[in-house]
Amino acid sequence: MPRESLAEFELLVVLAALRLGPDDAYTVSIADVIEEKTGRPVRRANVHTTLQRLEEKGLVSTRLGASRPERGGKPRRLVEVQPEGVEAARATTGAIQALSAGLGDALGGSA
Amino acid sequence: MTIPRWMQVVLRWIGLPGRAEDAIGDLNEMHARHVARRGRVLGRFYSVAGALDMGGALLRQRLSGGNLEIYRREADSWLPGHDPREGRRWDMGRFFDGWRRDFGQAARALRRAPGFAAVTILTLALAIGANTAIFSVVKSVLLEPLPFPDADRLVFVGGTAPGTDLPDDLGVPDELYVEYGATVSALETLALYTTGSSTTRAEDHIEQLFLTGATPSFFTTLGVRPILGRLPTDEDDANVVVLSHWLWRDWFGSDPEVVGRSYEFAQQTRTVIGVLPPEFRFPDERTAFWMPLQIRAADVRPGGFGPSVVGRLTADADLEGLRTQLQPLARRVQERLGGPASYVQAMERYQPVVMPLRERMVGKVAAALWILLGTVAIIFLIACTNVANLFMVRAESRRRDIAVRRALGADRAGLVRAQMAEALLLAAVGGIAGALIARAGVPLLVRAAPDAVAGGFRSAPIPGLATAGLDVTALLFAAGISVLAACAFGLLPAIRFSGIGLLGSLREAGRGVVGRGALTRDVLVVVQTASALVLLVGSALLARSFWQLNNVDPGYDTDDIFTFQVAVRRDDLRDRAAMSRFQYEFMDRLQAVPGVGSVGFVTTLPLDEGAGFAAVSTLRIEADGAEPPRVRNAGAGGAYFQTMGIELLQGRFFERVEEEEGVPNVIISQAAAELLFPAESPLDQQVRPSDNPNSPWFTVIGVVEDTRIDDLRQPPQPAVYLPAVSASPAYVVRTSRADRIAPEIRAVVREMIPESPMYRVFTMKTLAANTMGSLSFTMLMLGIAAALATILGAIGIYGVLSYLVTQRTREIAVRMALGAQRPGLRRMFVWQGGRVALVGVVVGVLIALGVTRFLSTLLFGVQALDASSFVAMSSVMLAVALLASYLPARRASSVDPMKSLTTD
Chain H
1 MPRESLAEFE LLVVLAALRL GPDDAYTVSI ADVIEEKTGR PVRRANVHTT LQRLEEKGLV
61 STRLGASRPE RGGKPRRLVE VQPEGVEAAR ATTGAIQALS AGLGDALGGS A
Chain R
1 MTIPRWMQVV LRWIGLPGRA EDAIGDLNEM HARHVARRGR VLGRFYSVAG ALDMGGALLR
61 QRLSGGNLEI YRREADSWLP GHDPREGRRW DMGRFFDGWR RDFGQAARAL RRAPGFAAVT
121 ILTLALAIGA NTAIFSVVKS VLLEPLPFPD ADRLVFVGGT APGTDLPDDL GVPDELYVEY
181 GATVSALETL ALYTTGSSTT RAEDHIEQLF LTGATPSFFT TLGVRPILGR LPTDEDDANV
241 VVLSHWLWRD WFGSDPEVVG RSYEFAQQTR TVIGVLPPEF RFPDERTAFW MPLQIRAADV
301 RPGGFGPSVV GRLTADADLE GLRTQLQPLA RRVQERLGGP ASYVQAMERY QPVVMPLRER
361 MVGKVAAALW ILLGTVAIIF LIACTNVANL FMVRAESRRR DIAVRRALGA DRAGLVRAQM
421 AEALLLAAVG GIAGALIARA GVPLLVRAAP DAVAGGFRSA PIPGLATAGL DVTALLFAAG
481 ISVLAACAFG LLPAIRFSGI GLLGSLREAG RGVVGRGALT RDVLVVVQTA SALVLLVGSA
541 LLARSFWQLN NVDPGYDTDD IFTFQVAVRR DDLRDRAAMS RFQYEFMDRL QAVPGVGSVG
601 FVTTLPLDEG AGFAAVSTLR IEADGAEPPR VRNAGAGGAY FQTMGIELLQ GRFFERVEEE
661 EGVPNVIISQ AAAELLFPAE SPLDQQVRPS DNPNSPWFTV IGVVEDTRID DLRQPPQPAV
721 YLPAVSASPA YVVRTSRADR IAPEIRAVVR EMIPESPMYR VFTMKTLAAN TMGSLSFTML
781 MLGIAAALAT ILGAIGIYGV LSYLVTQRTR EIAVRMALGA QRPGLRRMFV WQGGRVALVG
841 VVVGVLIALG VTRFLSTLLF GVQALDASSF VAMSSVMLAV ALLASYLPAR RASSVDPMKS
901 LTTD
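If you read the sequences in order, they're chains H and R.
Quick note on our numbering: the first sequence kicks off at 1 and runs consecutively.
Quick note on our numbering: the second sequence kicks off at 1 and runs consecutively.
Derived by calculation from the structure, the hints in this document are not laboratory data.
It cannot be assumed that every hint is accurate.
[As the list claims (entries may be wrong)] Now the in silico label distances, taken between C-beta atoms and shown as ranges:
#1 H:Ile96 <-> R:Arg44: 15 to 25 Å
#2 H:Gly73 <-> R:Asp204: 58 to 68 Å
#3 H:Ala91 <-> R:Val472: 43 to 53 Å
#4 R:Pro149 <-> H:Gly73: 24 to 34 Å
#5 H:Gly73 <-> R:Leu63: 54 to 64 Å
#6 R:Leu436 <-> H:Gln97: 28 to 38 Å
Quick reminder that beta carbons are idealized off the backbone N, C-alpha and C, glycines included.
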């Protein structure tokens, strides 16, 4: 039984972070991945807030990377999804899959 | 590529510790992307939007106190079919939702009233723009701290000797400086400095440059550190120099190797030992280099006035305490050292002058700037009252609408908010437009500042003026006054009309009865008329001063005269005759330039370097044992008097041989003739300087017209001219092409004396204009402001009366139906406007009586309470007011009673 269930945007952020891996996941890249995969505009500020909320809940951890010239000498805050986060994402996607199973017709043929 | 620094500061301030840096990094990265994708302008816009958004996120993090769950709504808002941007809503909740609705409504309402919106926005934009522009300049010049550590403890110390003929700004003689250093406990450190200009040659440059000689304590007192090399110490002699940053950059290409090299500075080989930072510009930004000045108590000789002192107060001292400590010292020094009679007299009357360093650096322009700021504040007041008036009228016409809303249960706060939303919206648009106006206006303002203010060879530039620009503070200022404006013109009608009685209003509104707003509106008109009149009177006084000053006869011509200085140094010109021959050869060459009429020279030029002072005696004065009077003196040669148009009244001019041989003949001015030889013919009389009993007697061979020497504002002073030869005089050239001839003259100089740079290059017209600089600048600004204020005031009166006429159409129709005549009706309305304006004029005159004295330092030949200016401008204001009343009155009298009684 999962302790945490994720709101949809939280889920997207966690999945994007998992895709990118702990060395490349940070606010901007996460937003880019979500935009690319969903085709919807994403506010960086929203990702920033969501990441912090996930961190407060212990689902992700963050650390500051090295300073980078293309960021005006500022570091990235790199995101690593914790086992609890992976578990929460699995539980949430599982619930969605369970509920959508067999609704192929109603949902217009998508998996 | 990064977002602006101030944004970073704000974000860091908002964010939790350690949380802002990476967010700023994100924004920087996005900024680069936005600019690459959308161009500089649009990209910046996106970046600012992103930064605002991020600022909101950081703020939420801070406010949530580590429990962002309370903002969970955000996480849920991203749902398919639900645009995520819909979720972009201030989380302050419903409060802001209400405002959003109100602003939306306000925007729609204003779109339906484009005339009202346009007039309001234009009025506000002009007022806010003018205020922001002037504020930017005031801030840069008067409010920003001087670029020295603990600058508020720095003081300027000078001196003056009232009652003597010595110049007002006498400075501190060396011996007094030594005494100050030894005895004054209120000063932690102090330094003596003196300025001048001299020919300097280095690398490929040769130019006349400004320099400052200063005791080594100068640099420690001001707290400056070199960016390269070192500062002078007490062990250095005058053979070392410290470079200004600009000289290092412009002449030496910022080469760090320059330290240790030697060049010809001020006509001597001196070694560069250091370079000062760019922000160090003292005494002013013209200074090219500094040379150490060593003053040893044992070596000082009394009598050298001129240098100034800068000191640093101890932490617990103040200016008053310092003044008290300095006061007795001049006398004490004089008693100890003795000295010649003129020195004794000067030191007996010597008064130390103490002021904050900034006051010294900013000088006279401060008064002009404060006047300008006061002026634009008045404009702002007028603009606000005007807009308030428009709002009142608009609110009045919506009485019925508001009453219905109240009846339907709208709460009062909501109604106030709805009205304020309109006001804030207009103020915001007006504020943005005003900021744009200010952005364009500040450089114009800096450029319009006359040479005397902006700095040239003749006077020091105002510190900070050149760097004045619209900055964040000025923008915040614009935003602040926009909100202030909104409150000023929006709140009053908003509160008034949101509270109107329900039944009464509904009853009244249909009847065209003039409501209770009348008194408020009248007061607003009175305020406008009065403030416009104050500005009108001020600009009339300045215009009269300007006119008077323009029509002063200085005794010489100011048109068609070109003047410059050049310092020739040639080994073959050591004796007087050789130098004189060279000067004549040079002047012949100048005369050969096409369009040149005559050429002469003078050792010190009026309006530029003025003239020297000398006490002179005559046989009779010496016989009587009377006090020899002080006169101004200068050496003249060539066709100086003819070129300058100084008329010969008696006798003759100098001949060339008199200059060449230094024959003891003089030409004196009319005033000197009257002073020295009252009731006698001055020709062939004898004069000599009184402080040298061995001097030969000089014979008066001519009398010339009086001239104004230092400033067109000062009356002519008695003057004595000697036949001169000079290596570095001011040449005067009469030509109808005075403003264009410089290159040709320069070519002659380059050909004849390639070693010597030309400097102090002016036309007499420029010098004359400079003496009127701050007056003409202030006059122009005040004139523009007065015109603006009068127009705004007229619009105000017109607006109110037009409204009244509209409201009273029914009443007018009834009157006419009952037999009232049209001229009578017109008179009634004109009188209605005139009466209010008359009260405004009276109030304005009273205020002007109190404030015109602030202009008195700028006035010339006219009193601050000049009756004719007051009467004339009151009449103008009244005439404008009556005209503004007449137009609506005429409309009132053209009411068709049948038509207006049958409608509505």
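Hints, one by one, checked against the model:
no., hint, result
1, H:Ile96 <-> R:Arg44: 15 to 25 Å, "41 Å, violated"
2, H:Gly73 <-> R:Asp204: 58 to 68 Å, "40 Å, violated"
3, H:Ala91 <-> R:Val472: 43 to 53 Å, "49 Å, holds"
4, R:Pro149 <-> H:Gly73: 24 to 34 Å, "28 Å, holds"
5, H:Gly73 <-> R:Leu63: 54 to 64 Å, "29 Å, violated"
6, R:Leu436 <-> H:Gln97: 28 to 38 Å, "56 Å, violated"
In the structure shown, a violation is registered for the earlier hints numbered 1, 2, 5 and 6, in ascending order.
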